[in-house]
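Trainee: This is what each chain is made of:
Number of protein chains: 2
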Amino acid sequence: MKKITILGATGSIGIGALDVVAKNPKKFKVVALTAGGNIKELARQIALFKPSVAACATKQAAGELKRLTGNSRTRILYGASGIEEAAASPRADIVLSAISGAAGLKPTLAAIEAGKTIALAHKETLVAAGQIVTRRAKKKKVMILPVDSEHSAIFQCLSGQKKNLLKRLILTASGGPFYNLTQAGLKKVTVAQALRHPRWKMGKKITVDSASLMNKGLEVIEARWLFDVDISRIDVLIHPQSVVHSLVEMIDGSVLAQLGIADMRIAIAYALAYPQRIQNDLPALDLSKEGRLDFYPPDLRRFPCLELAFEAGRRGGAVPAVMNAANEIAVGAFLEEKIRFVDLPDIIARVMSRCPAVKNPSLADVLAADGEARRQANQAIEQMKRG
Amino acid sequence: MKKITILGATGSIGIGALDVVAKNPKKFKVVALTAGGNIKELARQIALFKPSVAACATKQAAGELKRLTGNSRTRILYGASGIEEAAASPRADIVLSAISGAAGLKPTLAAIEAGKTIALAHKETLVAAGQIVTRRAKKKKVMILPVDSEHSAIFQCLSGQKKNLLKRLILTASGGPFYNLTQAGLKKVTVAQALRHPRWKMGKKITVDSASLMNKGLEVIEARWLFDVDISRIDVLIHPQSVVHSLVEMIDGSVLAQLGIADMRIAIAYALAYPQRIQNDLPALDLSKEGRLDFYPPDLRRFPCLELAFEAGRRGGAVPAVMNAANEIAVGAFLEEKIRFVDLPDIIARVMSRCPAVKNPSLADVLAADGEARRQANQAIEQMKRG
Chain A
1021 MKKITILGAT GSIGIGALDV VAKNPKKFKV VALTAGGNIK ELARQIALFK PSVAACATKQ
1081 AAGELKRLTG NSRTRILYGA SGIEEAAASP RADIVLSAIS GAAGLKPTLA AIEAGKTIAL
1141 AHKETLVAAG QIVTRRAKKK KVMILPVDSE HSAIFQCLSG QKKNLLKRLI LTASGGPFYN
1201 LTQAGLKKVT VAQALRHPRW KMGKKITVDS ASLMNKGLEV IEARWLFDVD ISRIDVLIHP
1261 QSVVHSLVEM IDGSVLAQLG IADMRIAIAY ALAYPQRIQN DLPALDLSKE GRLDFYPPDL
1321 RRFPCLELAF EAGRRGGAVP AVMNAANEIA VGAFLEEKIR FVDLPDIIAR VMSRCPAVKN
1381 PSLADVLAAD GEARRQANQA IEQMKRG
Chain B
1021 MKKITILGAT GSIGIGALDV VAKNPKKFKV VALTAGGNIK ELARQIALFK PSVAACATKQ
1081 AAGELKRLTG NSRTRILYGA SGIEEAAASP RADIVLSAIS GAAGLKPTLA AIEAGKTIAL
1141 AHKETLVAAG QIVTRRAKKK KVMILPVDSE HSAIFQCLSG QKKNLLKRLI LTASGGPFYN
1201 LTQAGLKKVT VAQALRHPRW KMGKKITVDS ASLMNKGLEV IEARWLFDVD ISRIDVLIHP
1261 QSVVHSLVEM IDGSVLAQLG IADMRIAIAY ALAYPQRIQN DLPALDLSKE GRLDFYPPDL
1321 RRFPCLELAF EAGRRGGAVP AVMNAANEIA VGAFLEEKIR FVDLPDIIAR VMSRCPAVKN
1381 PSLADVLAAD GEARRQANQA IEQMKRG
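Chains as they are written, first to last, in our numbering: chain A, 1021 to 1407; chain B, 1021 to 1407.
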């Protein structure tokens, strides 16, 4: 029986993971859960999975949670320290890190310091602090198992392959809902349209990132750290059907790929059960029903966020953290209809252009750069509204 | 430096393998070569690769070979015993078994008995005597590495995967040159048309087998033995572009695939270099240039040879050997324009229907069934010509 902590239990990945746990009660036991705002869902999860510990963002939320869970035996913590304590909970074998955004960084580091295997479902931790996180994981001999379907695909393709025989990684991208729009069409995109992803059901932030291709850019940087491969050896391929989740090319020209239906529970279950696999009741992939798979190169002119991410990855240091922070703020402003969809890359580029070059940044440097980038992004958004 | 014996050196696989050797002179050394009829090519190869031993089919051919190679130091053998002696040549690390048809069986067994790693490029050995061959290989702790692109793909996908987590194998088939013909169209097919394979450059026999889908049927049975998977867990998928060489489905619905350009030297080099991979000067697969990949289920009504192979695989015993022998004779008759393309399955089915059920056949049983099937197939062809 594997003991699991879930950071970000009420998001789409957390809920998917709990579905996997519920269907495999002999294989998994939940020991800790954390959530940000959705206290009702967290209370429901506590009643069902009876974790030893639960943590939420604020003291007020913790009070509400206590009221909702009544006389449950779950110990309730709150605040950054509470979430980090839950992340390091000594009873867990594996910590699923699924807190959206850069907020996941510190709890993930706390879990690594506590020697837990990490199932990493949010990319911002590696984007912002890939070098720091992978170095600490190596020191603590902690394995980081990817949960993103693309990275899970690459991880699966590479198992059994010699690292020195790898030529390049190829991340596939659905292209999102706007891939066939012209530049003029992109200017008129609404929030509702951006939230209608053609293939994957996901949270709001990541769905907008998918539409702008920034999500793929974040994944490129994540892959760079997860698999210790230089950015120059990572490519992106548009594949609207999202059946091929990603590929690796070996030095002999042989290409290995992982394919599947678009259900995140497969990658979640893979990471939780690793090195085992578990059967599920999901429909099997039927390629003869899919019929046709398409592939084309990404259009960086219409989707400059992807190019910005490659640039951030090449520049390194704190630049990816800055790009990620600016993107979080810009996506938030877009969701609040303060800026247009096409303004996203402009704001991010503006903030990135002011980012100082910091080589081998410390965690404090990264967090400072992240904070400064958020301030600048907000400023840029205000200027844009006024202009 | 790996020392290599090539059985069937003058066929398309043999020539491809020698191209790999020639380009990697520090990695490989040829120690023995065998060929059937093409003495001129064998003489040329002896001059270039200077093997210790060479063997050909007849005493007459050996005389001709001696004349052509002049004062080379290569020892020249002939006949079945000569070819088997070359196959067991003590200096080899690995034996590439690429003799077309059931004639490859005994030399391959000789190489296994001598404890050589086998790179298996002809499928008939496993089709005719899969149980015997895999049992002997296991006893001798000999590894059988597939060279067929489909089986190489499956082998690569399965490395690093736990065998008990495998659900099924999916072999892709280009469908051959006639896949879009109607039944009426198939009746008019000429030999020249059958030899024009849309994707792969191969020998005549295998090219006709590709057109009838018997090649895929033989591969199903080969896969059954190579990977020790029941026939019921092996599927075939038509994939005209031949970019996805084959796939495996794991119990969690995750599908792993190997892709590449249609050049047999990649699978040949993979088997020879295993567990390494070697760089080559072949063009890389560019999926964005391929653009589109199609998949559909095979039409067993128009291509009954595939159904016959599944039936032979299910019936087991000597039935696959009988089917294979009848197919070899029938394809020979088609190439000599004695029968039509659509007569192939009729002749094979007729011979199979008369095949006695032999459980756990010995090698002698298999060879006797093979001989009897050839006799019956020739008889069926004569009857057909008369009728």
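No lab work stands behind these hints, which were simulated from the structure alone. Be careful, since some hints might not be right.
It does not matter which identical chain is used: a pair holds within one copy or between any two.
In silico DSBU-like cross-links for lysine-lysine, where the CA-CA straight-line distance does not exceed 30 Å [claimed, not checked]: (1) 1182 to 1022; (2) 1022 to 1187; (3) 1379 to 1049; (4) 1405 to 1158; (5) 1022 to 1379; (6) 1309 to 1126; (7) 1187 to 1126; (8) 1086 to 1126; (9) 1187 to 1043; (10) 1022 to 1086; (11) 1160 to 1208; (12) 1405 to 1049; (13) 1060 to 1182; (14) 1309 to 1023; (15) 1049 to 1182; (16) 1159 to 1309; (17) 1224 to 1183; (18) 1309 to 1079; (19) 1060 to 1160; (20) 1225 to 1060; (21) 1405 to 1046; (22) 1079 to 1405; (23) 1309 to 1158; (24) 1070 to 1309; (25) 1060 to 1405.
These numbers come from a predicted model, not from an experiment.
Trainee: Within a copy, between copies, both or neither: which one fits residue 1086 and residue 1126 at a CA-CA cutoff of 30 Å?
Mentor: Classified as within; 25 Å inside a copy, 77 Å across copies.
Trainee: Between residue 1159 and residue 1309, at a C-alpha cutoff of 30 Å, which is it: within one copy, between copies, both, or neither?
Mentor: neither (47 Å within a copy, 43 Å between copies)
Trainee: When Cα atoms must be at most 30 Å apart, do residue 1049 and residue 1182 count as within-copy, between-copy, both, or neither?
Mentor: Between copies only: 24 Å across, 34 Å inside.
Trainee: I want to check one pair: residue 1405 and residue 1158. Are their C-alpha atoms no more than 30 Å apart within a copy, between two copies, both, or neither?
Mentor: For residue 1405 and residue 1158, the Cα distance exceeds 30 Å both inside one copy (45 Å) and across copies (74 Å).
Trainee: Could you place residue 1060 and residue 1160 in one of the four classes (within, between, both, neither) given a Cα distance threshold of 30 Å?
Mentor: neither (36 Å within a copy, 64 Å between copies)
Trainee: Using 30 Å as the alpha carbon limit, work out where residue 1060 and residue 1405 are close: within a copy, between copies, both or neither.
Mentor: For residue 1060 and residue 1405, the Cα distance exceeds 30 Å both inside one copy (36 Å) and across copies (81 Å).
Trainee: Please work out whether the CA atoms of residue 1079 and residue 1405 approach to 30 Å or closer within one copy, between two copies, in both situations, or in neither?
Mentor: Neither: 35 Å inside a chain and 92 Å across chains, both beyond 30 Å.
Trainee: As a check of your reading, is residue 1160 near residue 1208 (CA-CA no more than 30 Å) within one copy, between copies, both or neither?
Mentor: Neither: 49 Å inside a chain and 70 Å across chains, both beyond 30 Å.
Trainee: When no copy is specified for residue 1309 and residue 1079, does a C-alpha distance of 30 Å or less occur within a copy, between copies, both, or neither?
Mentor: neither (51 Å within a copy, 56 Å between copies)
Trainee: Regarding residue 1379 and residue 1049, is the shortest C-alpha distance of 30 Å or less found within a copy, between copies, in both, or in neither?
Mentor: neither (42 Å within a copy, 49 Å between copies)
Trainee: I want to check one pair: residue 1309 and residue 1158. Are their C-alpha atoms no more than 30 Å apart within a copy, between two copies, both, or neither?
Mentor: neither (43 Å within a copy, 39 Å between copies)
Trainee: Checking an output row: residue 1224 and residue 1183, CA cutoff 30 Å. Within, between, both or neither?
Mentor: neither (35 Å within a copy, 39 Å between copies)
Violation of the numbered hints given earlier is confined to hints 3, 4, 5, 6, 7, 11, 12, 13, 14, 16, 17, 18, 19, 21, 22, 23, 24, 25; the remaining hints are satisfied by the structure.
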